[in-house]
Amino acid sequence: METAELKKTIEALLFISGKAISKDRIATVTDSRPVAVEDAINELKLEWNSGRHGVFIEEIGGGWQISTRPECADYIIKLYPWKGVLRLSPSAAEVLSIILYKQPVTKAQINEIRGVDSQASVATLLKNSLIKYSGRKKAPGNPRLIRISENFYHIFGIRDISDIPSWKDLAEDSRSAEEPEIDETAAEETAQEDE
Amino acid sequence: MKKVVNPGIPVGAKDYFVKIDVFEGPLDLLLWLIQNNNMDIYDIEISKITSQYLAFINTHEFDIDSPAEFLAMASLLIRIKSSLMLPKETEEHQLALDEKRALTEKLLEWKKIKASREILLSKFRERKNLFRRDEPAAIELEKKSALSVFELADIFGRIIKKGFHKFEEITGPEIYIEDVIKELLERIRSGEELKFSQLAFQNPTKLYVAVLVLAVLELTNKKLVTIKQARPFTDIYIKPVLSAVSGKNITEQPSGGESFYGNG
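So the sequences go chain by chain: A and B. Per our numbering, the very first residue in the first sequence carries number 1; after that it's consecutive. Per our numbering, the very first residue in the second sequence carries number 1001; after that it's consecutive.
It is worth saying that the hints were derived from the structure and are not from the lab. All of these numbers come straight from a predicted model, not from anything done at the bench. Note that the Cβ used here is the ideal one computed from N, Cα and C, for glycine as well. Errors might be hidden in some of the hints.
[Stated by the list, open to error] One-sided excerpt, in silico: chain B residues whose CB lies under 7 Å from chain A:
(1) Pro1067
(2) Ala1068
(3) Glu1069
(4) Leu1071
(5) Ser1075
(6) Lys1112
(7) Ser1116
(8) Leu1120
(9) Phe1124
(10) Phe1131
(11) Arg1132
(12) Asp1134
(13) Glu1135
[As the list claims (entries may be wrong)] Within a straight-line C-alpha distance of at most 27 Å, the following computed DSSO-like cross-link-like pairs (lysine-lysine) qualify:
(14) B:Lys1128 - A:Lys127
(15) B:Lys1222 - A:Lys23
(16) A:Lys138 - B:Lys1106
(17) A:Lys78 - B:Lys1123
(18) A:Lys102 - B:Lys1100
(19) A:Lys132 - B:Lys1114
(20) B:Lys1228 - A:Lys127
(21) B:Lys1182 - B:Lys1195
(22) A:Lys127 - A:Lys107
(23) A:Lys132 - A:Lys107
(24) B:Lys1128 - A:Lys45
(25) B:Lys1182 - B:Lys1222
(26) A:Lys107 - B:Lys1106
(27) A:Lys78 - B:Lys1228
(28) A:Lys168 - B:Lys1114
(29) A:Lys102 - A:Lys127
(30) A:Lys137 - B:Lys1106
(31) B:Lys1228 - B:Lys1195
(32) B:Lys1106 - A:Lys102
(33) B:Lys1182 - B:Lys1128
(34) B:Lys1128 - A:Lys102
(35) A:Lys132 - B:Lys1128
(36) A:Lys168 - B:Lys1100
(37) A:Lys78 - A:Lys102
(38) A:Lys137 - A:Lys168
(39) A:Lys168 - B:Lys1123
(40) B:Lys1123 - A:Lys107
Sequences and hints are given; from them, build the entire structure.
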């Protein structure tokens, strides 16, 4: 596909998707090389992200999406009041942190790390699609495994894992022996599996 | 747990007031105590921490959200503390050292999660004003439910007004165990032997037969009748226990209404 046409197509794809699409997915759909997609998106960004438009293209969770500019927020909430309702309690943020660094985890593992029952937080996070069930653990009772979902990256504005400190860097005096890494494929995966 | 001002623990010479937002759980409290004492997390002074921990939960027992978890931690601390007092060679002492190390690991992990929580919360605040078309449908994450009981009642009221006014009360025959017992006692008093099948035929509905069974069991339990069956699936004979039936108390027997269902 020729660059001008590719740009137009990507614009349409990003608009209609409404959430992040990964580079590879765009490349497959448009029959182009990932490098060409990246170039086209960079050009689109130059045009859109100058501040003259109400929307801009941003990198989220290993993909790209069209977001509205923060200065337009008040009017968006006037039009769609429910969009401004999402709040995050400290305990919900805690549960999210555990899932983010330890995924995939079971509810029992979350409770173990927090030292308190986390059922309510897990339920609200699931309802808000910030986390999702994916598979079951091969253990007695086959407990369900929980992972971060695509919405999470958008809600927290996380481009990829380099945006979050590694488990090792989290608290200064960590001499902890085991250092689980963030699941590197998670961001990529979620951007791909959503249409 | 709500905001806590000066948890009532003497902190060395400086008895200053400390304000902490929330203790999310026992680990949170423990970590705060360790930091407050400038203690090395890798070498927790168990006996000092244990007494401060206990002092705290004693003074705040009514503020604590999940007492079971706080108490479980208290018992772990006490166990470690007492085992460490035993001679070094003992198995208990070694086990306690392992438990202490495990506790340090848990606290370090908890510290990281807390740090990450703060990062997420601040990122969340920064992002509050950015939207996309496929915005997740917002459900309040802070409250358990966005609807109050009154709002729910309002909604229900509106639905009813909208035309779903054809609510009908479902009624059925009412059979009370007291009535059946009374009836049985009256018939038994004449010394007559009753057949279960006969009784059931009077009103062959599931409800009546079920209540009948309960009534007979109740009377047997009170030793007013005896029941006899020759073989499985044959008829059941109900006979009065004569000494009891001749007594006065029979007519007074049915009492306690519905409790018969539970106690019978």
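Practice problem: Let me know if the C-beta of phenylalanine 1124 (chain B) comes in closer than 7 Å to any C-beta of chain A, holds or violated. | Solution: holds, 5 Å
Quiz prompt | Restraint outcome when aspartate 1134 (chain B) is required to lie within 7 Å of chain A by C-beta distance | solution = Status holds, d = 3 Å.
Self-check item: alanine 1068 (chain B) as chain A interface residue, shortest Cβ-Cβ below 7 Å
Solution: violated, 9 Å
Exercise. Identify whether the interface hint at leucine 1120 (chain B) stands, where standing means a beta carbon of chain A within less than 7 Å of its own.
Key: holds, 5 Å
Quiz item: Can the restraint linking lysine 127 (chain A) and lysine 107 (chain A) be considered satisfied, given a maximum Cα separation of 27 Å?
Solution: holds, 15 Å
Practice problem: Below or equal to 27 Å on CA atoms is what counts here, so check lysine 1182 (chain B) against lysine 1222 (chain B). | Solution: holds, 14 Å
Quiz prompt | Interface hint status, leucine 1071 (chain B) versus chain A (Cβ within 7 Å) | solution = With a minimum Cβ separation of about 12 Å from chain A (threshold 7 Å), the hint on leucine 1071 (chain B) is violated.
Practice problem: Below or equal to 27 Å on CA atoms is what counts here, so check lysine 1182 (chain B) against lysine 1195 (chain B). | Solution: holds, 16 Å
Practice problem: Mind checking the alpha carbons of lysine 132 (chain A) and lysine 107 (chain A) for me, to see if they're no more than 27 Å apart? | Solution: Holds, because 12 Å separates the two Cα atoms, which is no more than 27 Å.
Practice problem: Take the C-alpha atoms of lysine 1228 (chain B) and lysine 1195 (chain B), compute the straight-line distance between them, and say whether it is at most 27 Å. | Solution: holds, 10 Å
Quiz item: Is lysine 137 (chain A) close enough to lysine 1106 (chain B), meaning Cα to Cα at most 27 Å?
Solution: holds, 22 Å
Self-check item: Restraint check for lysine 1128 (chain B) with lysine 127 (chain A), where alpha carbons must lie at most 27 Å apart
Solution: holds, 19 Å
Hint violations for this structure: numbers 1, 2, 4, 5, 15, 20, 27, 33 and 37, all remaining hints satisfied.
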